[in-house]
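These are the residues of each chain, in order.
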Amino acid sequence: MTNLNEVEILLVEDNPYDVELTLTALKENNLTNKVHVLNDGAEALEFIFATGAHAQRNIRNIPKVVLLDLKLPKVNGLEVLRRIKSDERTKKIPVVVLTSSQEERDIVKSYNLGANSYIIKPVDFNKFIDAVAKLSLYWVLLNKPPQ
Amino acid sequence: MKDKDKTKEQLMNELVELRQSITGLKELEAKQKQVDEEIRLLLTLTRAIGESEDLKVALEIALKKVCEATGWDYGEAWIPNVDGTVLELSPVWYSSSGSLDNFRRVSEKFTFQNGIGLPGRIWLSKLPEWIPDVSLSPNTIYPRVQMAREAGLKASLGVPIIAKEQILAVLLFFMLESREKDKQLVDIVSAVASQLGSVIQHKQADEDIRKEKNFSDTAINSLPGIFYLFDNQDRFLRWNENFEKFSGYSAEEISKMNPLDFFVGEDRKFIEQKIQEVFAKGRSTAEADFVSKDGHRTPYLFTGTRVTFDQTQCLLGMGISIAERKQAEEELRKAEAKYRSIFENAIEGIYQTTLDGRIISANPAFARTLGYTSPHELIAEVANVRKLYVDPSRRDELISLIHTQGFVENFEVQFYCKDGKIVWFLLNTRILRDSSGIVCFEGTATDITDRKRAGEEILKLNRELEQHIIQLGEANKELEAFSYSVSHDLRAPLRAIDGFSNIFLKKHEDKLDEEGKRVLNIIRINTQKMGELIDNLLTLSRLGRKEMVLSDINMCELAKDVYEELRATVPGRILQFNIKSLPVAIGDIKLIRQVFVNLLANAIKFTRSREIAVIEVRGRSEKNEIIYYVKDNGAGFDMQYSDQLFGVFQRLHSEKEFEGTGVGLAIIQRIIHRHGGRVWAEGKVDEGATFYFTLPIKEKV
Numbered sequence: 642m643t644n645l646n647e648v649e650i651l652l653v654e655d656n657p658y659d660v661e662l663t664l665t666a667l668k669e670n671n672l673t674n675k676v677h678v679l680n681d682g683a684e685a686l687e688f689i690f691a692t693g694a695h696a697q698r699n700i701r702n703i704p705k706v707v708l709l710d711l712k713l714p715k716v717n718g719l720e721v722l723r724r725i726k727s728d729e730r731t732k733k734i735p736v737v738v739l740t741s742s743q744e745e746r747d748i749v750k751s752y753n754l755g756a757n758s759y760i761i762k763p764v765d766f767n768k769f770i771d772a773v774a775k776l777s778l779y780w781v782l783l784n785k786p787p788q
Numbered sequence: 013m014k015d016k017d018k019t020k021e022q023l024m025n026e027l028v029e030l031r032q033s034i035t036g037l038k039e040l041e042a043k044q045k046q047v048d049e050e051i052r053l054l055l056t057l058t059r060a061i062g063e064s065e066d067l068k069v070a071l072e073i074a075l076k077k078v079c080e081a082t083g084w085d086y087g088e089a090w091i092p093n094v095d096g097t098v099l100e101l102s103p104v105w106y107s108s109s110g111s112l113d114n115f116r117r118v119s120e121k122f123t124f125q126n127g128i129g130l131p132g133r134i135w136l137s138k139l140p141e142w143i144p145d146v147s148l149s150p151n152t153i154y155p156r157v158q159m160a161r162e163a164g165l166k167a168s169l170g171v172p173i174i175a176k177e178q179i180l181a182v183l184l185f186f187m188l189e190s191r192e193k194d195k196q197l198v199d200i201v202s203a204v205a206s207q208l209g210s211v212i213q214h215k216q217a218d219e220d221i222r223k224e225k226n227f228s229d230t231a232i233n234s235l236p237g238i239f240y241l242f243d244n245q246d247r248f249l250r251w252n253e254n255f256e257k258f259s260g261y262s263a264e265e266i267s268k269m270n271p272l273d274f275f276v277g278e279d280r281k282f283i284e285q286k287i288q289e290v291f292a293k294g295r296s297t298a299e300a301d302f303v304s305k306d307g308h309r310t311p312y313l314f315t316g317t318r319v320t321f322d323q324t325q326c327l328l329g330m331g332i333s334i335a336e337r338k339q340a341e342e343e344l345r346k347a348e349a350k351y352r353s354i355f356e357n358a359i360e361g362i363y364q365t366t367l368d369g370r371i372i373s374a375n376p377a378f379a380r381t382l383g384y385t386s387p388h389e390l391i392a393e394v395a396n397v398r399k400l401y402v403d404p405s406r407r408d409e410l411i412s413l414i415h416t417q418g419f420v421e422n423f424e425v426q427f428y429c430k431d432g433k434i435v436w437f438l439l440n441t442r443i444l445r446d447s448s449g450i451v452c453f454e455g456t457a458t459d460i461t462d463r464k465r466a467g468e469e470i471l472k473l474n475r476e477l478e479q480h481i482i483q484l485g486e487a488n489k490e491l492e493a494f495s496y497s498v499s500h501d502l503r504a505p506l507r508a509i510d511g512f513s514n515i516f517l518k519k520h521e522d523k524l525d526e527e528g529k530r531v532l533n534i535i536r537i538n539t540q541k542m543g544e545l546i547d548n549l550l551t552l553s554r555l556g557r558k559e560m561v562l563s564d565i566n567m568c569e570l571a572k573d574v575y576e577e578l579r580a581t582v583p584g585r586i587l588q589f590n591i592k593s594l595p596v597a598i599g600d601i602k603l604i605r606q607v608f609v610n611l612l613a614n615a616i617k618f619t620r621s622r623e624i625a626v627i628e629v630r631g632r633s634e635k636n637e638i639i640y641y642v643k644d645n646g647a648g649f650d651m652q653y654s655d656q657l658f659g660v661f662q663r664l665h666s667e668k669e670f671e672g673t674g675v676g677l678a679i680i681q682r683i684i685h686r687h688g689g690r691v692w693a694e695g696k697v698d699e700g701a702t703f704y705f706t707l708p709i710k711e712k713v
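Residue numbers (this note's numbering), protein chains in the order written: chain D, 642 to 788; chain S, 13 to 713.
Just so you know, these hints were derived from the structure itself, not from any lab.
Even for Gly, the Cβ is constructed at its ideal location relative to N, Cα and C.
Any given hint might turn out to be false.
PhoX-like mimics (lysine-lysine), calculated; alpha carbons at most 20 Å apart, straight line [unchecked claim]: (1) S:558 with S:572; (2) D:750 with D:768; (3) D:768 with S:602; (4) D:712 with S:489; (5) S:572 with S:643; (6) D:668 with S:558; (7) D:750 with S:541; (8) S:572 with D:750; (9) S:519 with D:768; (10) S:602 with S:572; (11) S:518 with D:668; (12) D:768 with S:489.
Sample of chain D residues facing chain S (criterion: CB under 7 Å; computed from the structure) [as the list claims (entries may be wrong)]: (13) 658; (14) 662; (15) 668; (16) 670; (17) 692; (18) 742; (19) 764; (20) 765; (21) 766.
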């Protein structure tokens, strides 16, 4: 179990197969050790804002990137995004929308709410691996967040 | 006895006789002289009076001449007043001396009744009268005696001037000395007076004739129409100025014309009969056209009366233009005909009812709309208009409105037809008052049944349409939800199948034989294919919903840009791309870009077997549209299947020959149709294909 204060990649995804595929992709790029997976929007909010089940977590320790699915149980992805981006403490967290939806309105809404990127999950596994690898490398290794 | 024998006394006597006879002779001579003078006076007077203009001037001359010639000092004239009751002093008088002015002035205040005073007595007796000395007369004989005494007047002579047995005037002369009646002087003055009477009588007769002539001329010339008098030989004797004016003929011309010359055609014969009728029966009237010299015809009403004039039978009459009356009659007739025509032929119903609802009149349209064969039948069968009302209280509303505002506009009512059907009418009604004050309702009724039904129909259709729109909206929402879940949910399992097949292949490669690997690969290929199909279908469905943003599109640049992108995906191929400047189009650039993507991708795909692929893009402006095409030298197609080309999932090539989902051309068709354009294709197996699309010119789609 990863130390929750040292999470680099927070994956919010309810589909276990997508979770496994994503983790497979990350593993191929040696990025799995600091990945934490949450399966619904409510839990994601608790984690990020260090409340509820995650109250003991330090809110100052922010992940390097949040990979956020849009279609989530309890609280949907767009709402999670809105809450993160409208709070001073959390709005600097890079959020990459990683979803199956190709809907233009989802893309537009996401960017309007402050999403840092919007990735459509390809059906082709090779392309999927490629996409996850590239985005993780970029946000975890290349991107320089403000201190 | 000889002369010498005569005695002295005898001689003396003879001498006396001689003297006497000499005196007699002298007197005779003097008398003769006086007679001569008097005759001369008479002649002078007669001439002067004859030349005088009227009685006043004649009297003035007579008074003066008589006084001067016969030694009178004062002369005056008394004239009967207008109603003949008294004598009044004429303003003309004569006096030899200024000392008589006072007498004159005071006399002016006197009047004399018949038989009273000297003038009155002469008025009554019509005879001359001499008074030797008026100053000696009693007041009864001479009322002005006191004044005469003061003026010193003595002898007086009065003579009457008589014409046609009537006293015209009484002349009075006075002297300042008394004198016994001088018969000769009386005769002379009487002769003068008589002469004067005769002259005046003639003068008055002339004057009367002149006045009468003047009156009749004025009368006939002031007649509003024409006046005519002609004898039984058709010779015009008299006519008025209007006759000349209206006929245009001069007096000289008319005098030579026949009455029938003023008529033409039928009128001529008609007027001839009428003239005969007047001479036979005494009078007649006729209406005919009076023809003037310039040929202008004016309708006239003529009258004729038979009169005797100079012992000749004549026709006297008048003619009055009845042109205005005729025109008024004609206009009235036309107006009536017009009204009648409107009433009879109107499409709208027109009616009049009494206040209590009896139908006074109705036009055929009103009767017809209500199902009656004629207005007569309607009036006979519908005793009261109230019976027509489906809702009789509407009649009360109508009447109350009319009473408050005098009229009613666009009042909608339902009436029963003869057969019980109901028709909608639009009523416009007002109160009508005629000169006798009778009040009725008059109005029009427009059949609006069809309009009403159409209105109801429209309402119904609108409701249905609204329902459809709601349903359509719901269907759209469902479709969106569907495509959303397709987009999101269907792809996840596919990704899992592909992903785990891949993982399985990698992890368990050593445990799989070739057949196992082949089968797993087939699973993967089909999964990916399924993903592509879903993506294409979603694109197609999005096209129908996406709002278009129109702008000018540089088609040449767009096509080149797309080509370059696609070119990069096939690095080993030899492609020849021919493009010339294309007309600018108006459209949604994203969508049109998609059209080029699909067309050019197809062109590249289907020329795969060619050593050198030749792709040509052209465009030209027509009247209302721009036609573009993309031509290739690829596999082509059989024209008999060309109508299937643009259908969803329709493919003319096997998956083995050319991969594809069969959605690309359907997407092109949908985009072009949304722009208001057309798509079609031409081709031949193995000889390439040409895909055409058009976009409308100018008008923003």
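Against the structure, the hints:
1. S:558 with S:572: 25 Å, violated
2. D:750 with D:768: Violated: residue 750 of chain D and residue 768 of chain D sit about 25 Å apart, past 20 Å.
3. D:768 with S:602: Violated, at about 25 Å.
4. D:712 with S:489: Holds, because 18 Å separates the two Cα atoms, which is no more than 20 Å.
5. S:572 with S:643: Roughly 14 Å between the alpha carbons, so the hint for residue 572 of chain S and residue 643 of chain S holds.
6. D:668 with S:558: Violated, at roughly 40 Å.
7. D:750 with S:541: 29 Å, violated
8. S:572 with D:750: The given pair, whose Cα atoms are some 32 Å apart, is violated under the 20 Å limit.
9. S:519 with D:768: 19 Å, holds
10. S:602 with S:572: With Cα atoms ~15 Å apart, residue 602 of chain S and residue 572 of chain S stay inside 20 Å; holds.
11. S:518 with D:668: Roughly 14 Å between the alpha carbons, so the hint for residue 518 of chain S and residue 668 of chain D holds.
12. D:768 with S:489: 32 Å, violated
13. 658: 4 Å, holds
14. 662: Status holds, d = 4 Å.
15. 668: 11 Å, violated
16. 670: With Cβ-Cβ at 15 Å, over 7 Å, it is violated.
17. 692: Nearest chain S Cβ about 28 Å off; hint violated.
18. 742: 5 Å, holds
19. 764: Where the cut-off is 7 Å and the nearest Cβ of chain S is about 3 Å from residue 764 of chain D, the hint holds.
20. 765: 5 Å, holds
21. 766: Nearest chain S Cβ about 4 Å off; hint holds.
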